[in-house]
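Top to bottom, those sequences are chains A and B. Once you know that position 494 of the first sequence is 494 in our numbering, the rest is easy, because the numbers rise by one and skip nothing. Once you know that position 60 of the second sequence is 60 in our numbering, the rest is easy, because the numbers rise by one and skip nothing.
Since the hints were derived computationally from the structure, they do not count as laboratory data. Where a beta carbon is used, it is the ideal one built from N, C-alpha and C, also for glycine. Be a bit skeptical, because a hint or two may be false.
In the PhoX-like style, the derived pairs of lysine-lysine whose C-alpha atoms are separated by at most 20 angstroms in a straight line are [said to hold, decoys possible]:
(1) B:K46 to A:K151
(2) B:K26 to A:K215
(3) B:K26 to A:K21
(4) B:K46 to A:K215
(5) A:K25 to A:K537
(6) A:K207 to B:K46
(7) A:K220 to B:K26
(8) B:K46 to A:K281
(9) A:K219 to B:K26
(10) B:K32 to A:K207
(11) A:K222 to B:K26
Not everything, but these chain A residues come out facing chain B in the computed CB check (under 8 angstroms) [what the hints assert, rightly or not]:
(12) G69
(13) L70
(14) F71
(15) V211
(16) Q279
(17) I282
(18) C290
(19) P293
(20) Y308
(21) Y579
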Amino acid sequence: MLYGYAGNTLRIDLSTGTIEKEPLKQEWVDEFIGGRGFTSKILYDENPPGVHPLDPENRFIIAMGPLSGLFVPAAGKTHFAAKSPATGGYGDSNMGGHFGVTMKYAGYDVTILKGSAAEPSYIFIDNDTVEIRPALHLWGRGSTDVEDALKHDLGQDFQILTIGQAGERLVNFACISHDFGRQAGRTGIGAVLGSKKIKAIAVRGTKDIPVFDPKGLLKKGKETYAACREKPGFKGWTPEGTAGITNWCNDVGALPTRNFATSHCDYADKINGKAILDQLKITDKGCFSCPIPCGKYGVAKTEMGKVYVEGPEYETLALLGSNCELSDIHAVAHANWVCDELGLDTCSAGAVVSFALECYEKGLISEEEMGMDVKWGDLASMVHILECIARREGIGDLLAEGVFKAAQKIGKDSSKFAIHVKGLEWTGYESRNAPGMMLGYMTADVGAHHSRCWVLGSDVANAVGGNKDANVHDLISGGASFDTIPKADHKNVVPLVLKSQHLRPAFDILGTCRLQYMEIGLETSYYEDLYYHATGKKLDFNRELLNLSEKIWNLNRMFNKREIPDFGRQYDYPPPRFYEESIPSGPNKGHCMPFPVIEEMLDAYYQARGWDSNGIPTNETLKKFNLIKSTTPQL
Amino acid sequence: MTLSFNQETCSGCKACELVCSLQNLKIINPSKAMLHVSALFPEPGKYFVEICDQCGECANACPREAIVLIKGTYRIDKKKCDQCLLCVPACPKNLVKVDDTGMPYKCINCRQCVEVCPRDALAFN
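Sequences and hints are given; from them, build the entire structure.
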């Protein structure tokens, strides 16, 4: 008996209509545990090398972890992966809500889609019943509109994921939407589903998940929920959720503003967590089993209408807010809703819109090409650009490729302010003053995404002379006192970056949200005990799980090497704006990240990882992680 | 003394369903829990939890008087129950469930949901 898992893999070939169920491979469980471990392994092994991300042969993988769906705080994460349309390399994204756990209750830890349906379809899953159903009536409709329609047709107890028009039109930053406001936003995962003509997946699951020691899990689960309540962050962090960090970011000069031209604005108070609570919120909205619901669901009212929307969370506030100079919380929330409905990742969408606005301001995109006279901080301008992108109309067809590819076509130095790494747009933390954060963004497997590394606390605490809010970082580093944490000198950020790059994705392996640990400081020992009661197996979090996390990091690097012909060091550079332009205003005025410093950090990082000077894992490193066989092409 | 629900604080996490099934049935399966969380989105954007308030309709429907009130809680006497399941449709909240052997079961006011709810959305009063 495989405890802690549903025990099955669901394989669907959309081209042939073949649906197969097979036992979950013991090899995957033994070596990769779950979630992100499964997706990395399966994508490397099963994706045909060199396949185009939008080719039917690209696999679309859904994976849960051994703790998903159990009596464990915030065990509601669903992990998706495919070769990324945005980067051409390893792409993954995860979301909260209730979808993944319901897949597990239906009996499936892993679902692998390949092929492409002949016509728009949705996948219907009701425990053992799995069908590919026509979805012509849903095609072209908005994400939440479709979710509402399917719940109406099938029943409220079905959990739904959808793509919007952006996914249908293969926009490189199309997302997957679920639960009226949760998204798997990054790496263009929604476009992969769109390329397979899958508009939605609807699932109902009512089976038991077998666990090794139900009594022990009950006891430890109760203890863990009780422990969460005792953490200061339980009451301190939860009310505003991620939006609570907005003012802190602005105060330390890390809030992206005007397409990362600067890192501070004078209207942060208008678009922060308090503004959401005061002006928008109807209810706290939590993911499955989460005691600290970061979701804030509410109503936004603007000249463009009244909309119900979850959020904006911090990244959305930064990218659709200050980065586009939008200074009204209702307007930011409306832009958030537009992205949700069209199926656009709010992070990349904000970065692309701000890039487009700067191009327009500099005369690189004309008014005729843009389709209207667009302005910074203007909701109507943003909605116009977003709708053009999702429909691939006019300039939107170019912008739908993301800032990296769009800048290549626009030319005229626009690449200097196309803010991305590897083709994935940068998220909400200015890093010219933050070497660790910069290095984390540069080297993340999926491109410029903070979910892989967040060390801004120690970075900026040092940069501004020891800010008291550095306690955010104390939590990240597992309770170490701030005095013992390496400071933001670029010469010693590597160990901190490595630790964060292994620690944060570790929760994606288990199938839980990292925020219980990161934001309220729930100790990792709880996860060790919960894992034991669930699976019957011991797991040393710091030794074994972080070692697996490092192994996965190397495997994904090898995937990128295999899939991107000239992959190497040049793919780890930040955009020129960050090493050529100093921050012009705010607390970090004058800060820049000189290119020699970037090179020095990369050298140190590669050495610490056991990679060569081009950033490729050496044979010794692959051997250390038992990856030689799996990453060597079969003759 | 019965369960009560505070909609203002519920965030729909279903920890109550998890602990209910694990405490009483020794399994992980929220769909078998003796209370039920539902969500109404996109409008009005609210959560609801159906709870057993010990109204006694199940007992009224039982032809064998197998459901009896003990210290404020209606309990099913498995020795008396002949599994006719008339109590199931009698529950106005659909919270009388049936296990794999055909035996009905219902909320016994174990209060674990109250204890675990991280939002204090459930109370016993």
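**Study point:** Hint status (Cβ of G69 (chain A) to nearest Cβ of chain B, threshold 8 angstroms)
**Key:** 7 angstroms, holds
Exercise for review: Verify the interface restraint on L70 (chain A): the C-beta must sit less than 8 angstroms from at least one C-beta of chain B.
Suggested key: 6 angstroms, holds
Review point. Does K46 (chain B) pair with K215 (chain A) here, judged by a C-alpha cut-off of 20 angstroms?
Key: 33 angstroms, violated
Check your understanding: Given V211 (chain A) was flagged as interface, is its beta-carbon under 8 angstroms from a beta-carbon of chain B?
Key -> For V211 (chain A), the interface hint holds, since the closest Cβ of chain B sits about 6 angstroms away, which is under 8 angstroms.
Review point. Is K46 (chain B) within 20 angstroms of K151 (chain A), Cα to Cα?
Key: 16 angstroms, holds
Exercise for review: Would you check whether F71 (chain A) satisfies its interface hint, that is, whether its CB is within less than 8 angstroms of any CB in chain B?
Suggested key: 5 angstroms, holds
Check your understanding: Has the given pair, K219 (chain A) with K26 (chain B), been kept, meaning a C-alpha gap of at most 20 angstroms?
Key -> 12 angstroms, holds
Practice item. So, C290 (chain A) near chain B? Judge it on the closest CB pair being under 8 angstroms. Key: 5 angstroms, holds
Check your understanding: Are the Cα positions of K222 (chain A) and K26 (chain B) separated by 20 angstroms at most?
Key -> Roughly 14 angstroms between the alpha carbons, so the hint for K222 (chain A) and K26 (chain B) holds.
**Study point:** Pair hint K32 (chain B) and K207 (chain A), alpha-carbon separation not exceeding 20 angstroms
**Key:** Status holds; Cα separation ~9 angstroms.
Point to revise | Y579 (chain A) as an interface hint toward chain B, with CB separation required under 8 angstroms | key: 43 angstroms, violated
Point to revise | chain B contact restraint for Q279 (chain A) - C-beta distance below 8 angstroms | key: 15 angstroms, violated
Consistency with the previously given hints fails for numbers 3, 4, 6, 16 and 21, ordered from lowest to highest.
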